[in-house]
Amino acid sequence: MFDTALTMNDLIFLAKGAGITLIVTAIAVFFGTILGVIFGVFRFQVGPIWAAPLTFVLDVFRSIPLLIQLVLANAFVTTVLGWRVTGFSWNVTGFVVACGVLSLYTAAYCSEIVRGGVEAVPPNLRRAARSLGLSWGQEMTSVTAPMAVRVALPSWIGLSLGVMKDSSLVFIIGVVELLRSTQVLITRLQEPLFLLMVCGAFYFLISFPIARFGGYLERRWTYD
Amino acid sequence: MIEIENVRKSFGALEVLKGIDLTVAKGEVLTVIGGSGSGKSTLLTCINGLEPINSGRIKVDGTEVHAKSTDLNKLRQKIGIVFQQWNAFPHLTVLENVMLAPRKALGMTKAQAEEVAVKQLTHVGLAEKLSVYPTRMSGGQQQRMAIARALAMSPTYMLFDEVTSALDPMLVGEVLDTLRLLASEGMTMICVTHEMKFAREVSDRVAFFHQGVMAEIAPPDRLFGAPQHLETQKFLAATH
Ligand SMILES: Nc1ncnc2c1ncn2[C@@H]1O[C@H](COP(=O)(O)OP(=O)(O)OP(=O)(O)O)[C@@H](O)[C@H]1O
Ligand SMILES: [Mg+2]
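As you go down the protein sequences, you meet chains A and B in turn. Okay, so the first sequence: first residue is 1 according to the numbering used here, each after it adds one. Okay, so the second sequence: first residue is 1001 according to the numbering used here, each after it adds one.
Quick caveat, the hints were computed from the structure, so don't treat them as lab data. Just so you know, not all the hints are guaranteed correct.
Stated by the list, open to error - Only some residues are given here: those of chain A computed to face chain B with a beta carbon under 7 Å:
1. 42
2. 124
3. 134
4. 146
5. 147
Think of the CB as a built atom: it goes at the ideal place given N, C-alpha and C, for glycine as much as any other residue.
When you get a sec, could you build the whole thing from the sequences and use the hints?
What follows is the structure in structure tokens.
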């Protein structure tokens, strides 16, 4: 089994795929979280009735399989908008579409997590903060946010790890990330089990620090 | 001075305050007694603008609380309020709990806020607890911390809403002592309470609320000694 045809160049090729996975995930989680916080706080603040249109749109993103969203979005961008860019020998359009779709997908889930976190803060604490003279924003940032973050953190870490794994689907629009790179090598070297193990190890290497970091924050933030 | 003029307040179809008229002068200690649901807490939350009112007027030092132009955040800086549930911010230490509002709302530096906070915490007897998280303290200590937190804003008025009701009987005394201390220092206070002995002792006047109406208001000797209103008599008979 360790008698493999895998060369150093192939490993670098895989590492590049892992890099794309990491970048797509990082971008999606970054923008998805910002949007998710905005959407989540908005939905909490205006209540379910006024938030209904937004909630509906976010539900659409949550319920349609990512694969379909990617294909449709890519088709829309390339054919309807006619936007097709390639450069540095890779698929720029696909990359941008992948990041966009994954960001919205993340935002849809994240808004739910944020809303739950904010709702978990006892209203009495918020009233107490406001009656001390804090403005809405000051209360939000110094009381609600720190408490909501503690509640939401485990789900948010889970979401980030999920997005990383789901990002493997972007191969469908021609973005060569980690899993796609592995498939390319499998086709060439015909060593599927070994290569999938290497690929899995790469995924693990990326996820493990995130998961551990989450665990660390959780311990640090428990109320003494 | 707090001036309350013909204030009416409803929650949906339920009228909770049915035309309250009341003036509290600087330096006065007013206690409010009355049955459950008579509108005592609602009145306090209307005074600092946490709750809107349906009609009438509340003025604090001449500023109309519910006027659109009123900066409530600013107004609330001079009205401290402490609730039955002490509402400690669990993610902050005792010191940080007290420093928060002076830093954010008054724009104090860390050093200034810390000085104020330490002073107020010492005042309520918590100088030893500065770096402790509130959940590690007894209810009485947390309630005293909440009082220090309100005092750190140097309020002109303090509103207390049954601050001892959620405490173990053992811990009531220490919190009442803190209130007595404030009263003796000339703080203007409105205390909603079920502690009749305390009310008799510290109040300049006692108001009795019944079903959204202030049925009677008088100095403690008169209100407890010779209550005029039938409902006051019934209430006092029931609580004694
Ligand atoms: N936010 C609210 N929404 C709806 N009804 C409310 C709300 N707050 C209070 N009420 C109702 O208003 C009435 C007066 O309540 P309030 O809390 O002012 O009474 P209270 O005199 O403080 O009573 P207690 O001694 O039990 O604290 C009660 O019938 C209560 O159910
Ligand atoms: Mg009450």
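Verification of the supplied hints:
Among the interface hints, the one on residue 42/A is violated; its C-beta lies about 22 Å from the nearest C-beta in chain B, farther than the 7 Å criterion. The closest approach between the C-beta of residue 124/A and any C-beta of chain B is roughly 5 Å, which is under the 7 Å cut-off, so the hint is satisfied. With a cut of 7 Å, the hint placing residue 134/A at the interface with chain B holds, because the nearest CB-to-CB distance is about 5 Å. Checking residue 146/A against chain B: minimum C-beta separation of about 5 Å stays under 7 Å; hint holds.
With a least beta-carbon distance of about 6 Å to chain B, the hint placing residue 147/A at the interface is held under the 7 Å criterion.
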